[in-house]
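**Student:** In case you want the letters, here they are:
Protein chains: 2
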Amino acid sequence: MGAPVVGIIGGGQLARMMHAAGIGLGIKVALLAEGPDVSAAQVVHDVTVGDYTDPATVIAFAERCDVVTFDHEHVPTDLLHALQERGVLVRPGPEALVHAQDKVVMRRRLASYGLPVPTFAVVASPEELVAFADGTGWPVIAKTSRGGYDGKGVWKVDDPTGAGEPFRNLAPGVEVLAEEYVPFVRELSALAVRSPSGQAVAYPVSESVQQDGICVETTTPAPGLTMEQATACQRLALEIAQDLDVVGVLAVELMQRADSSVVVNELAMRPHNTGHWSIDGALTSQFENHLRAVLDLPLGDPRARAPWTVMHNVLGGDRTDLVDGLRHVLARDPGLKVQLYGKGVVAGRKVGHVTAVGDDLDEVLRRARHGAAELRSGS
Amino acid sequence: MGAPVVGIIGGGQLARMMHAAGIGLGIKVALLAEGPDVSAAQVVHDVTVGDYTDPATVIAFAERCDVVTFDHEHVPTDLLHALQERGVLVRPGPEALVHAQDKVVMRRRLASYGLPVPTFAVVASPEELVAFADGTGWPVIAKTSRGGYDGKGVWKVDDPTGAGEPFRNLAPGVEVLAEEYVPFVRELSALAVRSPSGQAVAYPVSESVQQDGICVETTTPAPGLTMEQATACQRLALEIAQDLDVVGVLAVELMQRADSSVVVNELAMRPHNTGHWSIDGALTSQFENHLRAVLDLPLGDPRARAPWTVMHNVLGGDRTDLVDGLRHVLARDPGLKVQLYGKGVVAGRKVGHVTAVGDDLDEVLRRARHGAAELRSGS
Numbered sequence: 000m001g002a003p004v005v006g007i008i009g010g011g012q013l014a015r016m017m018h019a020a021g022i023g024l025g026i027k028v029a030l031l032a033e034g035p036d037v038s039a040a041q042v043v044h045d046v047t048v049g050d051y052t053d054p055a056t057v058i059a060f061a062e063r064c065d066v067v068t069f070d071h072e073h074v075p076t077d078l079l080h081a082l083q084e085r086g087v088l089v090r091p092g093p094e095a096l097v098h099a100q101d102k103v104v105m106r107r108r109l110a111s112y113g114l115p116v117p118t119f120a121v122v123a124s125p126e127e128l129v130a131f132a133d134g135t136g137w138p139v140i141a142k143t144s145r146g147g148y149d150g151k152g153v154w155k156v157d158d159p160t161g162a163g164e165p166f167r168n169l170a171p172g173v174e175v176l177a178e179e180y181v182p183f184v185r186e187l188s189a190l191a192v193r194s195p196s197g198q199a200v201a202y203p204v205s206e207s208v209q210q211d212g213i214c215v216e217t218t219t220p221a222p223g224l225t226m227e228q229a230t231a232c233q234r235l236a237l238e239i240a241q242d243l244d245v246v247g248v249l250a251v252e253l254m255q256r257a258d259s260s261v262v263v264n265e266l267a268m269r270p271h272n273t274g275h276w277s278i279d280g281a282l283t284s285q286f287e288n289h290l291r292a293v294l295d296l297p298l299g300d301p302r303a304r305a306p307w308t309v310m311h312n313v314l315g316g317d318r319t320d321l322v323d324g325l326r327h328v329l330a331r332d333p334g335l336k337v338q339l340y341g342k343g344v345v346a347g348r349k350v351g352h353v354t355a356v357g358d359d360l361d362e363v364l365r366r367a368r369h370g371a372a373e374l375r376s377g378s
Numbered sequence: 000m001g002a003p004v005v006g007i008i009g010g011g012q013l014a015r016m017m018h019a020a021g022i023g024l025g026i027k028v029a030l031l032a033e034g035p036d037v038s039a040a041q042v043v044h045d046v047t048v049g050d051y052t053d054p055a056t057v058i059a060f061a062e063r064c065d066v067v068t069f070d071h072e073h074v075p076t077d078l079l080h081a082l083q084e085r086g087v088l089v090r091p092g093p094e095a096l097v098h099a100q101d102k103v104v105m106r107r108r109l110a111s112y113g114l115p116v117p118t119f120a121v122v123a124s125p126e127e128l129v130a131f132a133d134g135t136g137w138p139v140i141a142k143t144s145r146g147g148y149d150g151k152g153v154w155k156v157d158d159p160t161g162a163g164e165p166f167r168n169l170a171p172g173v174e175v176l177a178e179e180y181v182p183f184v185r186e187l188s189a190l191a192v193r194s195p196s197g198q199a200v201a202y203p204v205s206e207s208v209q210q211d212g213i214c215v216e217t218t219t220p221a222p223g224l225t226m227e228q229a230t231a232c233q234r235l236a237l238e239i240a241q242d243l244d245v246v247g248v249l250a251v252e253l254m255q256r257a258d259s260s261v262v263v264n265e266l267a268m269r270p271h272n273t274g275h276w277s278i279d280g281a282l283t284s285q286f287e288n289h290l291r292a293v294l295d296l297p298l299g300d301p302r303a304r305a306p307w308t309v310m311h312n313v314l315g316g317d318r319t320d321l322v323d324g325l326r327h328v329l330a331r332d333p334g335l336k337v338q339l340y341g342k343g344v345v346a347g348r349k350v351g352h353v354t355a356v357g358d359d360l361d362e363v364l365r366r367a368r369h370g371a372a373e374l375r376s377g378s
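Chains A and B, in that order, give the protein sequences. If you read the first sequence in numbering that gives the first Met the number 0, its first letter stands for residue 0, the second for the next number, and so on. If you read the second sequence in numbering that gives the first Met the number 0, its first letter stands for residue 0, the second for the next number, and so on.
Think of the hints as simulated: they come from the structure by calculation, not from any bench. Watch out, some of these pointers could steer you wrong.
It does not matter which identical chain is meant; a pair holds if it fits inside one copy or across any two.
Said to hold, decoys possible - Computed list of lysine to aspartate or glutamate pairs in DMTMM-like fashion (alpha-carbon distance at most 25 Å, straight line):
{"no.": "1", "residue 1": "342", "residue 2": "45"}
{"no.": "2", "residue 1": "342", "residue 2": "295"}
{"no.": "3", "residue 1": "342", "residue 2": "65"}
{"no.": "4", "residue 1": "342", "residue 2": "323"}
{"no.": "5", "residue 1": "142", "residue 2": "323"}
So that you can see chain A by itself, here it is in the shape it has in the complex (with noise of 0.2 Å):
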């Protein structure tokens, strides 16, 4: 009869936005932390600070929550199999989320289903990658198949001197994904949300703006993509979600060739980098729509509020103290919203984002990224 408890894995900026979205459906989180000021321990009542990684902390914390999610993807999977066997609600659940996990399943997975994704191959060794890239021309991209983010574990290789770059420091039980280059126009990403009983919903497309692997801005919808274009985006993405009976939130991130075609890039189960808009730009944020879908209540409505949103991300840069920066940030524009995720600043580390909604979409992003930059840098 209480309210249900939301476990959630992992302490950053994406469990402390769940929290925020949860307390209006009278949701209790209970955090997983990696330490006890981590971004979204400073504003959960019930922190557990513990190893993600460790069996007996993670099942003692599990079974006294309703539902299990994540903040991010490094759980094992074994400990989350081993977490259902307890009975323990997983969402998504490990079958879903090895394929967000690790790069290889991903791949094998949807090229079974014949979805649009790169030529890729295992390669045990630079030799393998250097007679791959022979195949398919250089230059050629290497990933690790688990562990990367943000940029890492990802290597361009534009000639076989580089080719042994991928191999160095592999962690046990890692192996190394080939896939042919895709002469990219943009990223797009397109998100959905699904439920244990199946439903689910599509936000609109957006264009994502990556450096260095890092998002740094999204604007939706993704300008110049018809309504065609949007609609198979959408729908590949339910599709995925379908298939591999995602819970929650999957974002689908997207190469666009100059043909308009799509690659399927990479795929995450849990809100996401460029859903991040939706907070104050859709009807229901994909935060809130996550926390729908966890504890199988009907999704919201994933409608854009306004013409054109545009998210910028924060990098930490020469301005220490986020606060202060609001100052100028929101005396300047008033409309502009902000989220700081609590974090230390540190050079190029996500810390916070800044979020503008309107009419004119040239004048939203000249506010985004001017709020943006401002946060940053103080320049």
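Assemble the complex: chain A is given as a structure, and chain B must be docked to it using the hints.
**Tutor:** Just chain B, lined up with the frame of chain A:
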């Protein structure tokens, strides 16, 4: 250099919603709560359980906060002065807050500014109340000067036989205020937010519907109000905020007569039930703007995001499992926004609210009323 700590005294739903709004601003909320399980204590990290009338408790709590603000108006004025004397930033300050705590002080002050208030007098006995009513005409309104809320501490006295009631069980130091009965056609609410630096914003004026002294519904903007009338109400709220040196939200509850003129009924100096619509209906919610104000950050845009926003309170009814109620409400209306307060269901108690936004007022009213009725009773 760290995140500012806003201390909130009182752990009700207003503190809960303030915390939700502060997460994005990077604010840390510290809570002085009446009990470990009250509404806000469930969702705030830093909770102190203690008595807000006990000086030692309040002083120890306040001295570790950057600023102290309130979920309710019941902290003794003397104690707030004592905090100020110790260098604690109390916002709103006791000199302002006393006008929301003591109706006699408020009436005298507003009357001294020539602002529209009912004819009033402090009456020391039932006989003086009868004499007052014989002068203004019957019926007459009697109120306790302090301690009333949600219709408690207010009487409509129709004839001399009822004149004794307001004097029963009067707490020490509490007076009885007699007011002429204003034959109003509806109630309006004008919300302003003001910073210590004097910056102020006014929200669109709402019409509020009260039942048994409890706000049950607001419609924003108030239907049928001319721009001139709306501006006059906003100006009145901004003027009172400045005259009284309010910091944070000031809610001015107004009675509108048949000739459209308005009279001030009550003041509140904290986020107010008539401003709950702003979470989903305004560019910046009253909760975020209250926090910005008490931290002296620039205020956010108070304008509405849609032509109509209707907020309907969920009062405790037959349904005891509100999260289960969500299943039905959210399935029927994916665009409806719900706030549950995490409170046990007691008949007539405010346990949540729903908000609908849209272009068609009748439709928006119908959606909000349906959602609230379903959550209340499952009927």
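**Student:** Run every hint past the structure and note whether it holds.
**Tutor:** Status of each hint after checking the structure:
no.: 1; hint: 342 x 45; result: both (19 Å within a copy, 17 Å between copies)
no.: 2; hint: 342 x 295; result: between (31 Å within a copy, 22 Å between copies)
no.: 3; hint: 342 x 65; result: between (29 Å within a copy, 19 Å between copies)
no.: 4; hint: 342 x 323; result: within (14 Å within a copy, 36 Å between copies)
no.: 5; hint: 142 x 323; result: neither (40 Å within a copy, 45 Å between copies)
Going down the numbered hints, you'll see the structure goes against just number 5.
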